[in-house]
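Same order as they appear, the protein sequences are chains Z and L.
Heads up: the first sequence runs through residues 1 to 490, numbered per our numbering.
Heads up: the second sequence runs through residues 1001 to 1122, numbered per our numbering.
Keep in mind the hints are simulated off the structure, nothing from the lab.
Some clues are possibly wrong.
To be verified - Just the calculated beta-carbon pair ranges, DEER-fashion:
no.: 1; chain 1: L; residue 1: G1104; chain 2: Z; residue 2: F273; range: 31 to 41 angstroms
no.: 2; chain 1: L; residue 1: I1031; chain 2: Z; residue 2: R108; range: 22 to 32 angstroms
no.: 3; chain 1: L; residue 1: A1087; chain 2: Z; residue 2: R25; range: 25 to 35 angstroms
no.: 4; chain 1: L; residue 1: N1071; chain 2: Z; residue 2: D27; range: 15 to 25 angstroms
no.: 5; chain 1: Z; residue 1: P388; chain 2: L; residue 2: N1009; range: 51 to 61 angstroms
no.: 6; chain 1: Z; residue 1: E101; chain 2: L; residue 2: A1102; range: 44 to 54 angstroms
no.: 7; chain 1: L; residue 1: R1100; chain 2: Z; residue 2: R25; range: 41 to 51 angstroms
no.: 8; chain 1: L; residue 1: N1009; chain 2: Z; residue 2: W68; range: 19 to 29 angstroms
Glycine is no exception: its CB is placed at the ideal position from the N, C-alpha and C atoms.
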Amino acid sequence: MLANLPALQVVLPLMAAPICLILRRADWAWAFSLIVTWCCFAISILLLLQVQTVGDISYPMGDWAAPWGIEYKVDLLSAFLLVIVSAIGSVVMPYARRSVEAEVPGPRIYLFYTMYLLCLCGLLGIAITGDAFNLFVFLEVSSLSSYVLISMGRYRRSLTAAYRYLIMGTVGATFYIIGVGMMYMMTGTLNMADLAARIPAVADTRTIQVAIAFIIVGLGLKLAIFPLHMWLPNAYTFAPSVVTIFLASTATKIAVYALLRMVFTVFGGAPLFVVAQALMMLAVVAMFVGSLVAIYQSNIKRMLAYSSIAQIGYMVLGISFISAIGLTGGIIHLFNHALVKGALFMAVGCMFLRLESVRLEDMAGIGKRMPVTMACFLIAGLGLIGVPLTAGFISKWYLVLAAFEKDMWYIAALVLASSLLAVIYVWRVVEVAYFKPVPPGANEIAEAPISMLVPLCILTGASVYFGIDATRTVDIAADAANFLMRGMMP
Amino acid sequence: MSDLVGLYNYWIFIVLMMIGFYIVMAQHNLIKKVVGLNIFQVSVFVFYISMSKVENGSAPIIADGVTVYSNPLPHVLILTAIVVGVATTALALALVVRIRDAYGSIEEDDIEAAERTQEKDF
C-alpha cells in the first residue's frame, strides 16, 4: 500500500471521475469528490513525509524498469507541488457545494465534479511523472477538463473564453510535443533522468536548441507568462467561482513547475544562460503591466486575474536569477500565491453568491454587510501586496535578496515599486467596501454560509501563518532549489 | 539537393505546421480555426512518424530474414496524441455549437461586436 502511493496519487482521482459520472445526483457526486480529494491530500502529505525521511521515490509504472517504462518520480519539489495542488483541491471542495449550486445549472453539477476530479488528476500527474511524454498527456488531461470547467460559467462569454483558452492551450501543448519529439530524435529516450544524462553530449546541436525553444514557448503559453497571457483574464473572469479559485491557485503553478523540471532537470539549466535575461525582462514587464491593468478594472474577478499575471511575473523573475536564493523565492511564491490568490477568489465568490455581482460599484459598504468575507479579503490582499507578517512578504524578501546577491539593485527596486501598484488595486476595493455607505434601498444580504466561510478562513489563516512561521516552507523550497541548482551543468 | 529530397517528410511537416498555425491565427471563423488546429496537430504526427522510420527497416514484427526494424515507439506515442487531438477537436466543436446557440454566429468579429455592444458589465 505505502509503496504504491505514487500511483494511487494519480489513479485515485482518475478512477473516481467516471464513478462520479455514474452517481448522477449532485449531492452524492459532491460528497464522493470531497472524500476523494481529501484522500489525495492525505496521500500527498504521506509522500512528502516519505521524501523528507528516506529521500526521492522512484516508482516504475506497471513494473517496467525506468528508461523503457514510465517512471513516477517524487522528489522534494514534486512532493511540494503535490501538496499544494491537493491541498487547494481539498480545501475548495467544502466551499464548492453552495457555490456550484448557485452558479452551475442543477442537472450539470455531477458533470462539474467529474471534470474537477479529472483536472485534479491531470495536475497531480504533471507533478509526479518522470517521463517527458507522459507529462504532455497529463497536461492535456488537465487542460481539456479545465476548458470544460470554464465553459460551465453562467455567462455566454464563458464559452468564448473557454474556446480561446482551448486554442491557445492546444497550440502550447503541441509546441511542447514538438520539442519532446526533437529531444527524442537526438537521444532516443523520454525518461527525464535518462534525457538529462544524454543531452549534454548533443547539447550543441541545432535540434536540441530548437527543442528548448519549443518547450519554453509551449509551457510559457500554459503558465501565461507575458506576452502569452491573453487567454487568462477572460478565462478567470467568466469561469464559475470555484473553477477560478482552483485554476488560479494550481494550474499556472503546475506549469511553472513543468518549466522548472524541463529547464533544470532535463536540460541541466543550460537554456537559462541564453534566455534568463529575456525571461527577466518579460517578468518585470508582466509585474508592471499586470498590476497597472488591474488598477483600471471595475470587475474584481478580472482585476485579480490581471494581478495573477503580475504574480506569475514574480515567479518567473525568481527563476531567471539562476541562483539558489532566486529559485527559493520563486518556489516559495508558488505556494504563497496559491494560498493568497485562492483566498481572494474565494472571498469574491462569497460576495458573488450574495450580491450576484462582482462589480466594484456594487461592493459599496460590503465591509459592514459581509464582515468576515471582507476581512479575509483584506488580509489576503495584504498578503498579495507583501506586507510583513503575511506570506507574500516572505517570497518578495527572497526575491529582493536574490536581486542584491547579483548586484541588481534596480530589480529589487522594481519588485518594491510593483508591490506599490498592488497597494493601489487592493485599496480600491477596500475603500469601496469600508468607506462607502450601503446604497439606500439595497437588498438585505446575509454573510456567506458557514461552509464557504470556513475554507476561506483556512486559506486566509494559512497565508498569515506561513508569513509568520515560514521555516518549514522555506526549508522545503530552499532544499528543492539547491537540488535543482546541483543539476546544473557547470 | 539531397537535403531537399531526403528530408521530404520534414519539409511537409514544416509546411503543414505553418499552414495550420497561420489558419489558427489569421482566420476569424471559429470552425476554420479548429480545422487549422487540426492541420497543426497532424503535422506533428507526420513529424513523429517520419523520425521513427529506419532506412530499409521493416515493421517491428519478428520474421525470418529481417534484421532492421523501424522504431515503433513514436508510432505508439502518436496514437496517444491522436486520441488527444480527437478529444480536443470534439470539445472545440461542441463549444462552437454552444457559441452559435448563444451568439447566433461563429464569426469572431460578430461575436466580439456583440460582446462590446450588448454586455457593458465587463
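Going through the hints against the structure:
no., hint, result
1, L:G1104 x Z:F273: 31 to 41 angstroms, "violated (53 angstroms)"
2, L:I1031 x Z:R108: 22 to 32 angstroms, "holds (25 angstroms)"
3, L:A1087 x Z:R25: 25 to 35 angstroms, "holds (26 angstroms)"
4, L:N1071 x Z:D27: 15 to 25 angstroms, "violated (51 angstroms)"
5, Z:P388 x L:N1009: 51 to 61 angstroms, "holds (60 angstroms)"
6, Z:E101 x L:A1102: 44 to 54 angstroms, "violated (22 angstroms)"
7, L:R1100 x Z:R25: 41 to 51 angstroms, "violated (31 angstroms)"
8, L:N1009 x Z:W68: 19 to 29 angstroms, "holds (26 angstroms)"
Of the numbered hints given earlier, the model fails hints 1, 4, 6, 7; all others are met.
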